[in-house]
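K.L.:
Could you put the whole structure together from the sequences, leaning on the hints where they help?
In case you want the letters, here they are:
Protein chains: 2
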Amino acid sequence: MKRFGDLAPSLRTIMTPGPVEVDPRVLRAMSFPILGQFDPEFTAIMNETMEMLRELFQTKNKWAFPVDGTSRSGIEAVLTGLIEPGDKVLIPIYGRFGYLLQEIAQRCGAEVVTITKPWGSVFEPAEVIEALDLHQPDLLAIVHGETSTGRVQPLAEIGKACRQRDILIAVDAVATIGGVPVETDAWCLDAVIGGAQKCLSVPSGMAPVTYNERVERKLLARKRVEAGLQSGTEVPDENRRPIIQSNYLDLSQLQDYWGPQRLNHHTEMTSMLYALREGLRLVLEEGLEERFARHRLHEKALVAGLAAMGLDFYGDESCKLTVVTCIAIPEGIDGESVRSMLLDRFGIEIASSFGPLKGKIWRIGTMGFSCNQKNVLHLLGALEAVLIRHGHSLPAGAALQAALEIYEGG
Amino acid sequence: MKRFGDLAPSLRTIMTPGPVEVDPRVLRAMSFPILGQFDPEFTAIMNETMEMLRELFQTKNKWAFPVDGTSRSGIEAVLTGLIEPGDKVLIPIYGRFGYLLQEIAQRCGAEVVTITKPWGSVFEPAEVIEALDLHQPDLLAIVHGETSTGRVQPLAEIGKACRQRDILIAVDAVATIGGVPVETDAWCLDAVIGGAQKCLSVPSGMAPVTYNERVERKLLARKRVEAGLQSGTEVPDENRRPIIQSNYLDLSQLQDYWGPQRLNHHTEMTSMLYALREGLRLVLEEGLEERFARHRLHEKALVAGLAAMGLDFYGDESCKLTVVTCIAIPEGIDGESVRSMLLDRFGIEIASSFGPLKGKIWRIGTMGFSCNQKNVLHLLGALEAVLIRHGHSLPAGAALQAALEIYEGG
Numbered sequence: 001m002k003r004f005g006d007l008a009p010s011l012r013t014i015m016t017p018g019p020v021e022v023d024p025r026v027l028r029a030m031s032f033p034i035l036g037q038f039d040p041e042f043t044a045i046m047n048e049t050m051e052m053l054r055e056l057f058q059t060k061n062k063w064a065f066p067v068d069g070t071s072r073s074g075i076e077a078v079l080t081g082l083i084e085p086g087d088k089v090l091i092p093i094y095g096r097f098g099y100l101l102q103e104i105a106q107r108c109g110a111e112v113v114t115i116t117k118p119w120g121s122v123f124e125p126a127e128v129i130e131a132l133d134l135h136q137p138d139l140l141a142i143v144h145g146e147t148s149t150g151r152v153q154p155l156a157e158i159g160k161a162c163r164q165r166d167i168l169i170a171v172d173a174v175a176t177i178g179g180v181p182v183e184t185d186a187w188c189l190d191a192v193i194g195g196a197q198k199c200l201s202v203p204s205g206m207a208p209v210t211y212n213e214r215v216e217r218k219l220l221a222r223k224r225v226e227a228g229l230q231s232g233t234e235v236p237d238e239n240r241r242p243i244i245q246s247n248y249l250d251l252s253q254l255q256d257y258w259g260p261q262r263l264n265h266h267t268e269m270t271s272m273l274y275a276l277r278e279g280l281r282l283v284l285e286e287g288l289e290e291r292f293a294r295h296r297l298h299e300k301a302l303v304a305g306l307a308a309m310g311l312d313f314y315g316d317e318s319c320k321l322t323v324v325t326c327i328a329i330p331e332g333i334d335g336e337s338v339r340s341m342l343l344d345r346f347g348i349e350i351a352s353s354f355g356p357l358k359g360k361i362w363r364i365g366t367m368g369f370s371c372n373q374k375n376v377l378h379l380l381g382a383l384e385a386v387l388i389r390h391g392h393s394l395p396a397g398a399a400l401q402a403a404l405e406i407y408e409g410g
Numbered sequence: 001m002k003r004f005g006d007l008a009p010s011l012r013t014i015m016t017p018g019p020v021e022v023d024p025r026v027l028r029a030m031s032f033p034i035l036g037q038f039d040p041e042f043t044a045i046m047n048e049t050m051e052m053l054r055e056l057f058q059t060k061n062k063w064a065f066p067v068d069g070t071s072r073s074g075i076e077a078v079l080t081g082l083i084e085p086g087d088k089v090l091i092p093i094y095g096r097f098g099y100l101l102q103e104i105a106q107r108c109g110a111e112v113v114t115i116t117k118p119w120g121s122v123f124e125p126a127e128v129i130e131a132l133d134l135h136q137p138d139l140l141a142i143v144h145g146e147t148s149t150g151r152v153q154p155l156a157e158i159g160k161a162c163r164q165r166d167i168l169i170a171v172d173a174v175a176t177i178g179g180v181p182v183e184t185d186a187w188c189l190d191a192v193i194g195g196a197q198k199c200l201s202v203p204s205g206m207a208p209v210t211y212n213e214r215v216e217r218k219l220l221a222r223k224r225v226e227a228g229l230q231s232g233t234e235v236p237d238e239n240r241r242p243i244i245q246s247n248y249l250d251l252s253q254l255q256d257y258w259g260p261q262r263l264n265h266h267t268e269m270t271s272m273l274y275a276l277r278e279g280l281r282l283v284l285e286e287g288l289e290e291r292f293a294r295h296r297l298h299e300k301a302l303v304a305g306l307a308a309m310g311l312d313f314y315g316d317e318s319c320k321l322t323v324v325t326c327i328a329i330p331e332g333i334d335g336e337s338v339r340s341m342l343l344d345r346f347g348i349e350i351a352s353s354f355g356p357l358k359g360k361i362w363r364i365g366t367m368g369f370s371c372n373q374k375n376v377l378h379l380l381g382a383l384e385a386v387l388i389r390h391g392h393s394l395p396a397g398a399a400l401q402a403a404l405e406i407y408e409g410g
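Protein chains in written order, with the UniProt record's numbering: chain A, 1 to 410; chain B, 1 to 410.
It is possible that part of the hints are untrue.
Simulated crosslink set (DSSO-like; lysine-lysine; CA at most 30 Å straight-line) [what the hints assert, rightly or not]:
(1) Lys160(B) - Lys62(B)
(2) Lys360(B) - Lys300(B)
(3) Lys62(B) - Lys300(B)
(4) Lys62(A) - Lys88(A)
(5) Lys117(A) - Lys223(B)
(6) Lys117(B) - Lys88(B)
(7) Lys88(B) - Lys223(A)
(8) Lys223(A) - Lys300(A)
(9) Lys360(B) - Lys223(A)
(10) Lys300(A) - Lys117(A)
(11) Lys223(B) - Lys88(A)
(12) Lys358(A) - Lys223(B)
(13) Lys88(A) - Lys117(A)
(14) Lys223(B) - Lys360(A)
(15) Lys62(B) - Lys223(A)
(16) Lys60(A) - Lys88(A)
(17) Lys160(B) - Lys223(B)
(18) Lys300(A) - Lys374(A)
(19) Lys117(B) - Lys223(A)
Partial list, computed: chain A residues near chain B (C-beta under 7 Å) [what the hints assert, rightly or not]:
(20) Ser10
(21) Arg25
(22) Ala29
(23) Arg107
(24) Leu282
Derived by calculation from the structure, the hints in this document are not laboratory data.
Backbone N, C-alpha and C fix where the C-beta goes; we use that ideal spot for every residue, glycine too.
P.N.:
The following block contains the structure:
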C-alpha cells in the first residue's frame, strides 16, 4: 500500500502573518508519548500551562486556559458565552477580522452595532468612547492587531472607558499576543483571546483565552452541567439565564474541566498542549519585554530594506502593527506570480490579503520564531531578485545594505 | 527561568476507552516542520487526508474531512448544521453520549424527542423504527459505540429505515471508527462523526466527519460567505434558510476551505493534520478487515483472562462493544484505589465511568495502537496482583494462562 507516501514536507521560510515557523523544541514536545487526560502528570501540565498563560496575558485572572480549536474557536467561545440573544454588542471594524467578530456576534443572536474606519487606519480612542456613550452596548468586541491590514488598535483608554461604564470588553489579540504588549489587567480588558500560530509560534490548534470574574459571573448565570454527568443536585434550569448555544465552546463547562473539579468535557488535546506548554516556556525564558524588543528590531530592519528597494508601504504609519508589514504591489506586477516564485525558487512564503485588498498588497509577517535576522535578510535578497525577474526596476543591492545597517546598530 | 521544567511525561500503558497510546510513526509526523496553510504541498496533504478518510468511513461521499477540534466538535458541527430551530430530532439514549447528543441538539434549538434504554443494553432496530413512525422527526441522531457502558448499537436496519422515510440520520461513531465496522454507505448513514484518540490512535484534536449530498443540500440552503470575504455576488440572506449558529463549526464554510475553492476559514491545524494523515496511512496499510480482526482477537484474550480471574462483566453480552470491556468492581473493593495502584506501580491506566455507573464499573479499552498482546497480558498480570493486594480472593495465575490459550490459538 504505497499510494500515500511518507510525510516529507519541504523546509520553508514562513514570513506570513501566520502560521509561522515553529521552534524545534516545540516540534519535539509533540513527539513525546501521550498521557491520559486525568493522569496526575497530565493535569499538572494543564495547571502549569494556565500559570504560564497568566504571565503571557499579564493578568492575575483565575482563568487562563486554551480553548481546543484554532484561534476563532477562542473568539467564538468568548462571544457565545458573553452574548445572550438580544444583547447589544458594539463592534468597531477596521479590517477583515472586525467583520468576523460581527459575524460571530450576529450568530449568537446579538443586536450588533458597528462603527467602521477605512481599512489601513484604526480608531481614535475618543471615537470608540463616543460610540459607547451613544449606543450603550452590553459588550464591546474589538480586534487588537488586524492582520488583514497590518494595523494595531490602542486599547488602554478604551478598556478603562468600558470599565467606568460597566460595559464588558472582549479583545481579539490573536495576532499580537507574545509579539507586542497585551496588558490584560492594566488596560482593564475583561476577556482576551490569543493565537497560537502567530507570535507564540506554536502550530495552529489551540486558542488561549483569559477572562476575569466579571465575565465569569455572566457565564455562571448561564451554566448547565451536562445531562449525562448531572448528580441530581443542580439548580433548576428555570432559575438561569439562557443557556450558552454551544456545548463544545461553553466556557462555563470548560472552566470546570480546567479547574480542580476536573469535570469531564472533551478529551484535552494532549500533543497540542505539550506544544503550547513548550511554546510558553520559550516565551517566558526569553522574557516578554525582550521578545517585544526583538519583534521591533526585525521589523525595523525589514522596513529599512523594503524602503531601500523603493517599495511603497500600505496603511497609516502611526498605527502600524509591528509584526505585519504591508506593501503595495507595484504597478504592472502580478502579485501572485511573485509569491509563487518566492515559494518555488527560494522556499519563502509571504501572504496576499483579503476582500478589498486582494491583489493589491503583500503582507510580510515577522512573528515569533520566524522573526529573526536570517529570515529577514533571506527574504529581502529573494524579493529583490524576484522583482527584478518580473521586470521591476529597483536599486539592486540596496535592500540588504539597509537592513545590515540596522543590524549593525545603525 | 527554570520554574517550568523540561517536558518529561512517563511512559504509560493506556487501556482506557481513549485517549490511547499513539504509534511512534504518528508522534514523529508531528515533529516535522510546518508548511503554510495554502502551500501547495499542504493542500495536497489535505486532499490525501480526505481520500483516506473516505476509505476509513467506507463511503463514496465527496465530503470527508476533519473538523478542527476534539470529537464533540465534530458532533456539534454536524448537528448545528443539520438542525434548524424547531426541527424535530429523535435521539435514542442508552448511555452518557446519547445525553450529549440531546444536550447539543437542544442548544441548537431542536424539539428533541428521546427514547431510552437501561444503561448496559441497546435498542432493537424495530424499537427505533417504531419511534421514527410515531414521531416523524426531521433527524435521527444516535450513538454507534457507547463508551460509557461498552455497548454497540446495530445501525444497518435503522439507517435503511431512515432513508425509506426520508429522515436524515447522523451517527456518533467516535468510539468505533477504525476499530469495528462503520459502513457509511451500505448502512445509509447521512452523516458520521469519527474520533481521533480512540481506535485511530491519533492524539485528541481532530474530529473526522463525512456526509452525503442529502446533508450538503441542507447545509447549502443555510450558507453565508463570511462578511469579510464577500465578493458582492452572493445571494441575499432573505432567500436563505436560518443561518448556522456557529461560525467555527459551520460545515458549509468548512467545505469551501477543504474544497478546490480554498476559501479561508480557520488556519488548519498543521501538526494535527500530519498526525491524522499518518494515523490513516497506518490504518490503510493494516487493512480495515485485518484491523477489525485484531481488535476482536485482543478482546477475546482480555475477556478470557478477566473471566478466569472470576470477575463479573457489566451489561448485555449480545451488544458488547469489541473495543471496551466493562467489569463490575467487586464488592468491598475501592475502585479508585485499584486504579491508582495500577497507575502508580505498573504505569497502566484503566477507566472508571460516569453518572449512574460511577464507582460501580471499570472500563478497559482495547483500541488502536493500545490494542496488542503485550498490553493485554501486562494488564491482566497487573490487575491480578493489585486485586490480591486489595484483599480480593481469586485463582492466582489463571488469568494469564487463559489469555495465553487464546493467543496460542485455543
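K.L.:
If a hint holds in the structure, say so; if it doesn't, say that too.
P.N.:
Verification of the hints:
In summary, the hint linking Lys160(B) to Lys62(B) is supported, as the alpha carbons are separated by about 20 Å, within the 30 Å threshold. The suggested pairing of Lys360(B) with Lys300(B) holds, with an alpha-carbon distance near 23 Å, which does not exceed 30 Å. About 37 Å separates the Cα atoms of Lys62(B) and Lys300(B), which puts this hinted pair outside 30 Å; it is violated. Annotation: proposed proximity of Lys62(A) to Lys88(A) holds, straight-line Cα distance about 27 Å (limit 30 Å).
Proposed proximity of Lys117(A) and Lys223(B) is supported: the alpha carbons are some 28 Å apart, at most 30 Å. For a cut-off of 30 Å, the pair hint linking Lys117(B) to Lys88(B) stands: about 20 Å separates their Cα positions. Pair hint Lys88(B) plus Lys223(A) holds up; C-alpha atoms about 24 Å apart against a cutoff of 30 Å. The suggested pairing of Lys223(A) with Lys300(A) is violated, with an alpha-carbon distance near 48 Å, which exceeds 30 Å.
For the hint pairing Lys360(B) with Lys223(A), the CA-to-CA distance comes to about 28 Å; that is within 30 Å, so the pair holds. A threshold of 30 Å between alpha carbons decides the hint, and for Lys300(A) with Lys117(A) the separation of about 26 Å falls inside it, so the pair holds. Under the criterion of a C-alpha separation no larger than 30 Å, the hint pairing Lys223(B) with Lys88(A) is consistent with the structure, at around 24 Å. Straight-line distance between C-alpha atoms of Lys358(A) and Lys223(B) comes to about 23 Å, which keeps the hinted pair within the 30 Å bound.
Restraint check for Lys88(A) and Lys117(A): the C-alpha separation of about 20 Å stays at or below 30 Å, so the hint holds. Between Lys223(B) and Lys360(A) the alpha-carbon distance is near 28 Å, which keeps this suggested pair within the 30 Å criterion. Using a Cα cut-off of 30 Å, the hinted pair Lys62(B) and Lys223(A) is violated, with the two alpha carbons roughly 38 Å apart. Restraint check for Lys60(A) and Lys88(A): the C-alpha separation of about 28 Å stays at or below 30 Å, so the hint holds.
For the proposed pair Lys160(B) and Lys223(B), the alpha carbon gap of about 28 Å is at most 30 Å, so the pair holds. With a CA separation close to 14 Å, the supplied pair Lys300(A) and Lys374(A) stays within the 30 Å bound. As the CA atoms of Lys117(B) and Lys223(A) are separated by approximately 28 Å, the hinted pair is consistent with the 30 Å bound. A cut of 7 Å between beta carbons decides the hint on Ser10(A): the least distance to chain B is about 6 Å, and the hint holds.
A hinted interface residue such as Arg25(A) counts as satisfied when its beta carbon comes closer than 7 Å to some beta carbon of chain B; here the least separation is about 9 Å, so the hint is violated. Checking Ala29(A) against chain B by beta carbon gives a least distance of about 5 Å; that is within 7 Å, so the hint holds. With 7 Å as the threshold, the beta carbon of Arg107(A) comes within range of chain B, its nearest partner Cβ sitting at about 5 Å, so the hint holds. Interface restraint check for Leu282(A): the shortest CB-CB distance to chain B comes to about 10 Å, outside 7 Å, so the restraint is violated.
Against the hints set out earlier in the document, violations occur for numbers 3, 8, 15, 21, 24.
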